[in-house]
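A.B. asks: These are the residues of each chain, in order.
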Amino acid sequence: MRIVVCVKRVPDTEARIRIAESRTAVDPAGLKYIVSPYDEYAVETALRLKEARGEGEVVAVTVGDAAAGESLRAVLAMGADRGVLLRGETTMDGLATARALAAELGGAQADLILFGLKAADDEQQQVGPMVAELLGLPCVTAVAEVEVGDGQVVCRREVEGGVEVVESPLPAVLTITKGKFEPRYASLKGIMAAKKKPLEEKEARPGPNRVRVRALRYPPERQPGRIVGTGPEAVPELVRLLREEAKVL
Amino acid sequence: MPKVLAVAEQRDGALRGVSAEVVTAARVVADGVGGEVDVVVAGPPGVAGEAGGLGRYGAERVWVVESDALRLYSPEGMTEIVAELIRGQDYYAVLFPGSALGKDLAPRVAARLELPLAGDAVGLAVEDGELVVTRPVYGGRAMAEVVLEAEPRLVTVRPNMFRPEERPAAGSVERLDVGIRPESWRVRVREVVTEHTHVDVAEAPIVVSGGRGMKGPENWHLLEELCMALGPQCALGASRAVVDAGWRPHSEQVGQTGKTVSPQLYIAVGISGAMQHLAGIRGARTIVAINKDPDAPIFKVATYGIVGDVLEVLPRLTEEIRKLRAAG
Ligand SMILES: Cc1cc2nc3c(=O)[nH]c(=O)nc-3n(C[C@H](O)[C@H](O)[C@H](O)COP(=O)(O)OP(=O)(O)OC[C@H]3O[C@@H](n4cnc5c(N)ncnc54)[C@H](O)[C@@H]3O)c2cc1C
Ligand SMILES: Nc1ncnc2c1ncn2[C@@H]1O[C@H](COP(=O)(O)O)[C@@H](O)[C@H]1O
Chain A
3 MRIVVCVKRV PDTEARIRIA ESRTAVDPAG LKYIVSPYDE YAVETALRLK EARGEGEVVA
63 VTVGDAAAGE SLRAVLAMGA DRGVLLRGET TMDGLATARA LAAELGGAQA DLILFGLKAA
123 DDEQQQVGPM VAELLGLPCV TAVAEVEVGD GQVVCRREVE GGVEVVESPL PAVLTITKGK
183 FEPRYASLKG IMAAKKKPLE EKEARPGPNR VRVRALRYPP ERQPGRIVGT GPEAVPELVR
243 LLREEAKVL
Chain B
2 MPKVLAVAEQ RDGALRGVSA EVVTAARVVA DGVGGEVDVV VAGPPGVAGE AGGLGRYGAE
62 RVWVVESDAL RLYSPEGMTE IVAELIRGQD YYAVLFPGSA LGKDLAPRVA ARLELPLAGD
122 AVGLAVEDGE LVVTRPVYGG RAMAEVVLEA EPRLVTVRPN MFRPEERPAA GSVERLDVGI
182 RPESWRVRVR EVVTEHTHVD VAEAPIVVSG GRGMKGPENW HLLEELCMAL GPQCALGASR
242 AVVDAGWRPH SEQVGQTGKT VSPQLYIAVG ISGAMQHLAG IRGARTIVAI NKDPDAPIFK
302 VATYGIVGDV LEVLPRLTEE IRKLRAAG
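Sequence order for the protein chains is A and B.
Here the first sequence stands for residues 3 to 251, where the numbers follow this note's numbering.
Here the second sequence stands for residues 2 to 329, where the numbers follow this note's numbering.
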């Protein structure tokens, strides 16, 4: 069984973001980068599926610049078997990224292609189902639990107010959300082993970018908060403010 | 005349609340280009009766597809229907709800039609004929204004950002003639396991969230009682710390790796206000924080704060809200 996991390198979710002088991008200087959190859940899912079967291969694929190779190494250190770096520019046009991934994955003979629910930078929540559509594969999104059976998968998909139990034949594309399992940390042994694992580099073919970022700005500052008071005695004043000032009650 | 299409959402034949929001958002865009709003609804027989009601929010024409195969969400069926409709019409823009369904459907339609898509719009404006979509990025640490260089412009709209506005229009129902082929659909929803019937935290106008400061799951009844007092429009949320501890299900988690909420009122109880939690609540209009630590970062973003022990403050808050509700 071959499982491909698509991962993206993104700024640390805790880092302060600085907008570049161009006002259309983030300034990467001094920024710490990580593998996008949901993608780590996808990697964990892939590794567990492989372990449960006792056979198979987990391939990590990314579109990005040379530094994105570090993210692949991090995923190899978690336990993936090999990596593919598609070198090219990433943009907010998820369809362009999807085209680059589909061009590579069309011939990958994967049984499952896993994505994170959304990337922690652009947060478009679109690349996974787009790749599925471009490849003509079935797709289930927001999957919290997967069970692989004979030629099919059964997924628990999170929707408002509950879960959908969804089945799909293989091969299939899934986007993974947080489920029962936390992503594993790379062991020292894993980190050493990752250095020797194959990491292939190719040129990405994303095609045109048709999402133009006209401006990037900081979110509107929230008015500085106000401490209404201390302990239960402050509650009546809080309720009054909510009703009369904020008008939300 | 330019036209804007709104994709409505139904479950089991009943329209979901986000549908009216998407129509309202489509109305905003249509006003900007001097155009009209179409809506498409696909669902089980009888859904047409509900769909006509969307005229109230400004829909001129409501395209309807009825089939038993569409009772539950079929990604492939809906993609076929919406893509087919778009192909046959000249839409300036197509708006989808930013719900689980809309975020599943929109990218499929986009890829099938080779169109770019902007996800999770919190603002829409037409400037010089261009649709400018404002969308949060980096967990709300920045806002991007984007322009889609294609037509139609595909956008998903974040729940709760466009409050439904009455704007009566014809709402004339027309059957959409697409030959759906359920036998060819590969992805099937076997069943929907309902965890709760009240409003989902991602769509709720009021959210009460608990964190590690709640001390344990045995104290959650205090949050449930407050939520009940606030009314049926209130949903419970949780920080990741308490979800990881197994106190609450992940479906309630708010933040970077949970749900993004945009309620009128967000009450954070015993939550410190980590960056990843804030990522989920930046869209909240009013934030209330209850925390015993006056230096907790949550107070920096809270509109109103109470410094105190949640176990003492919560019962009092519930009591005062009940009094207020009783007084009408
Ligand atoms: C990649 C990544 C993704 C993440 N995603 C999310 C996410 O989606 N959502 C999320 O919430 N977090 C997320 N986190 C975790 C986040 O960093 C914090 O660890 C988490 O939000 C803390 O939860 P908390 O506020 O409940 O707990 P704590 O940080 O422990 O805070 C508890 C608070 O309760 C207060 N308190 C304690 N006792 C009392 C009392 N008796 N009365 C009143 N107040 C009291 C304390 O003063 C403290 O401020 C993520 C982290 C990472 C690395
Ligand atoms: N540049 C990229 N390289 C590899 N995978 C990506 C890339 N961008 C996005 N993805 C995948 O698509 C998912 C959704 O991304 P997005 O649509 O941008 O929210 C991510 O969680 C990744 O799994």
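It is worth saying that the hints were derived from the structure and are not from the lab.
All values derive from a computational prediction rather than experimental measurement.
Hints may contain errors.
Unchecked claim - A few chain A residues that face chain B, going by a derived Cβ cut-off under 7 Å, partial list only: (1) Ser24; (2) Thr143; (3) Leu218.
Even for Gly, the Cβ is constructed at its ideal location relative to N, Cα and C.
A.B. asks: Next step is simple, just say for each hint if it's right about the structure.
C.D. replies: Taking the hints in turn, this is what the structure says about them:
{"no.": "1", "hint": "Ser24", "in the structure": "violated, 13 Å"}
{"no.": "2", "hint": "Thr143", "in the structure": "holds, 5 Å"}
{"no.": "3", "hint": "Leu218", "in the structure": "holds, 5 Å"}
In this structure, the one hint that does not hold is number 1.
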